[in-house]
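K.L.:
Line by line, the protein sequences give chains E and S. Under the working numbering, the residues of the first sequence are numbered 1 to 514, in order. Under the working numbering, the residues of the second sequence are numbered 1 to 514, in order.
The hints are all genuine.
Because identical chains share one entry, a pair is satisfied inside a single copy or across any pair of copies.
Derived pair list, reagent style DMTMM-like, types lysine to aspartate or glutamate, alpha-carbon separation capped at 25 angstroms: (1) Lys373 <-> Glu211; (2) Lys504 <-> Asp473; (3) Lys405 <-> Asp63; (4) Lys283 <-> Asp114; (5) Lys479 <-> Asp463; (6) Lys64 <-> Asp463; (7) Lys479 <-> Asp468; (8) Lys405 <-> Asp505; (9) Lys479 <-> Glu513; (10) Lys373 <-> Asp352; (11) Lys504 <-> Glu486; (12) Lys64 <-> Asp299; (13) Lys283 <-> Glu133; (14) Lys479 <-> Asp490; (15) Lys504 <-> Asp468; (16) Lys223 <-> Asp372; (17) Lys64 <-> Glu212.
Simulated from the structure, these hints should not be mistaken for lab results.
Residue-level listing of the chains:
Number of protein chains: 2
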Amino acid sequence: MNGAQALVDTFLAGGVEVCFANPGTSEMHFVAALDQRPDMRCVLGLHETVVTGAADGYARMADKPAATLLHLGPGLGNGLANIHNARRARSPMVNVVGEHASAHLAHNAPLTTDIESIARPVSDWVRRAAGSEALARDGAAAVQAARSGAGAIATLILPADAAWGPSPGPAPVPEPPARPVPSMAAIEAAARLLAEGASTILFIGDAALREEGLRLAGQIGAKTGARVMAPLSNKRIARGAGRTPITRTPYVVDIALAHFADARRMVLVGAREPVAFFGYPDKPSRLLPPDCAVTPLADASFDPVETLRLLAEATDATGVQPPTNRYDPPARPVGAIDQDKIAALLAAMIPDQAVIVDESITTGRLFFPATDKAAPHDWLQITGGAIGIGPPLATGAAIGAPGRKVLNLQADGSGLYSAQALWTQAREGLDVITLVFANHSYAILQGEMSQVGVRNPGRNALDMLSLDRPRVDWVSLAKGFGVPGERVGDMEALAAAIGRGLAKDGPHLIEIEM
Amino acid sequence: MNGAQALVDTFLAGGVEVCFANPGTSEMHFVAALDQRPDMRCVLGLHETVVTGAADGYARMADKPAATLLHLGPGLGNGLANIHNARRARSPMVNVVGEHASAHLAHNAPLTTDIESIARPVSDWVRRAAGSEALARDGAAAVQAARSGAGAIATLILPADAAWGPSPGPAPVPEPPARPVPSMAAIEAAARLLAEGASTILFIGDAALREEGLRLAGQIGAKTGARVMAPLSNKRIARGAGRTPITRTPYVVDIALAHFADARRMVLVGAREPVAFFGYPDKPSRLLPPDCAVTPLADASFDPVETLRLLAEATDATGVQPPTNRYDPPARPVGAIDQDKIAALLAAMIPDQAVIVDESITTGRLFFPATDKAAPHDWLQITGGAIGIGPPLATGAAIGAPGRKVLNLQADGSGLYSAQALWTQAREGLDVITLVFANHSYAILQGEMSQVGVRNPGRNALDMLSLDRPRVDWVSLAKGFGVPGERVGDMEALAAAIGRGLAKDGPHLIEIEM
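Okay, chain E solo, but in the shape it has when bound (with noise of 0.2 angstroms):
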């Protein structure tokens, strides 16, 4: 047995059973180790963003570490990106990057990097295996690294031969640790703080927002009255009909300063203090009144859930009925196409069980309040800023998420950095239906551009924030990697599309001129 083999196989004791992939030479031996092991299932990125992107969707779902398949530091920088966000967004994931044979390192052939380097700054975990003989030891720690807490980035570095010489055979991965709650003082004390009402905020995240995290933090804030409150960009949010509403931080920070503007407590719960995206000449960075006093009660190594249940006890809200949606989908909106209306018709067409993965950005801002009375749904966001995470996220959402339909709202923009992903979703024959808002711009940048006194851009600026010379066909592109696609110009021809989208296997996508 060689070190790639070992590795394989301890990969699939650990329950890391899915590899996204995008291999090169010096991953030849590991390749051939995935190919001994059926059971493993092997799935081809186009770009390594794909690769990144789809894992952090398959984790995001499935609640366990997939591994990616990475290229020597170019197909780490590649993925990077999408890594970044997975991290963000604390899902765990197992990168197994080649590189060159440990004796090959000294003479700088061509894609020699310094891995490390490009690797620490969105992992959590990196290590360079030492060796074929210890390497199963190695990712037996890097898959205990990424289930550790909420999840984390393990990097695995590979040099080529220690995946090619000889191993004693796989390593057992220790069952990550119970994540730990807050003391009974530490409860009390955040209890005594809720008490004082709308005053007071209970900012959760991660895991809290599950439908039992959600519905105890309902039940926390229709006790004492203190409102309960999300961050603007969540791994995974339960929503629809039986679930308890939540409120995200507004994007915009004069709206998010309003939002804001009377808290005197925060307590957060698997959340960090809500900031500015960005930093902008006259305004703060902090979203909180200077006078507001935070109290970190449970950070990501904590179990938000357990958390929120000792919180309800110690509030003595056990019991209470928390806010709930009921299913109440609007009619089916008719005529020329707005966001309002889309909204309305998302909240009508979402089908049980549906994953929502939300790269809609300007367009969609109010999709998400206008969907909570649509049927039962899981909403996967952006949570690193870096776009292009839509497509692949969808399409590891619905490997991890196997008989569900994925709705990949998608801004056209972002879409355009990770088109790749679609060719993965025809291949594994996966039930995503993209929805591309087709505004033709970089509609966010130029709100901002006006923001910093530009108000007559010029060819320049023109040509850095727009999107329409030419327009890119959307349709050809799908058609292009193997989806079949429509482009609609009112909402019948929306309903329409997605009614057929919903009502076949396979992906599909459907262009809508904004």
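Put chain S on the given structure of chain E with help from the hints.
P.N.:
Just chain S, lined up with the frame of chain E:
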């Protein structure tokens, strides 16, 4: 005047006249400054790998750096692979990486990353602007660094407040110092080695592969009997009628070893000692025999052409007739498509002063030797082994060499990393003809797979090495990005399609069924 305006003016004064860009919010003041200077040509890429690969192509043809504009660590990560390639080519490049305002960094907003850590492995020079007052001087230092020696990668990290704060104005960019030549003692010692004849190899790279350097090296070889060779992968080679032919180092290790088996001495001018691309269990990393002495006469800081001129004088080769290609295009092959016939067709149809961008990988191994007798042209290669350079490099080369036709010889697997470059070709109306060799596989990896002993690959290996389920439809892909395309299945159709592409203005794509 703010820092961003002073930076743009500094770039323009330093000869940086093109900015390949994919901006975000933190770069809006820089975008506004670019907008005020219409003499700075701003070229948008839909993905940062297009941005950085295009900057490389521009630099190779224009012999000066372009700027890139990238959005924080993830934007730099997206562009990393082609910066790596550019660095291996020693192409000059000035990367401007937008960054959060300094005061915002402490808040760990979603896009916060350790940009320096990502930048260093692919940069020769990295600096974080300390503030707006000194920003123009930082920009001048970046341009100076990029123009040093054979060319270098300079990465300037630009916090938003350094862009928006006040500046005293632009800074002067010093002319780069003349590149030195070796001492006469070193030249004469090398001349004695070359006089040993065919057991000595004069190994030349960088600017020595332009017309004049090749002529000088050819004279030296003709006079001394020493063999003249080049690295496997090169920035730019002058080729075709009237130029001196050059033999490149083979990719396959065993073939390369055979090529160098008789070498006892190697003199390096603008090149490093040839090594294997990858390490293998039972093959050496060095390609030269153990007893071959290597003389590093002129590294990348030296002037390779002047070094060859001195060597020619020292070997008494001045005035000797070097080997020279005559124009002798073959007849256009007909019938079924194969690699030999494509090579011959290229030799017949490459137009005068064409720029060839070669990322043809396995399909194209015969193209280089077959095109010596074509019309004069330049040949650009993938230098760092990070695939996905072709379409971006062709895009930048067309901007750096206006009036010349660009032929992008493109392997399909590699081209799918960066097909977004087609859109920039359409927007800018660039004369790029992309020939896609559609073998629907990572053919090079299928060869490597059999090298590691896998003779009957199973589903996992097949899935990771083949691209034929589904087949990518390149004509639709090109249409999606606004580029006219056609698919050809025999040599007559291919010749007609190339003819159509050459006859018109603007980009054209030809998918060649292999």
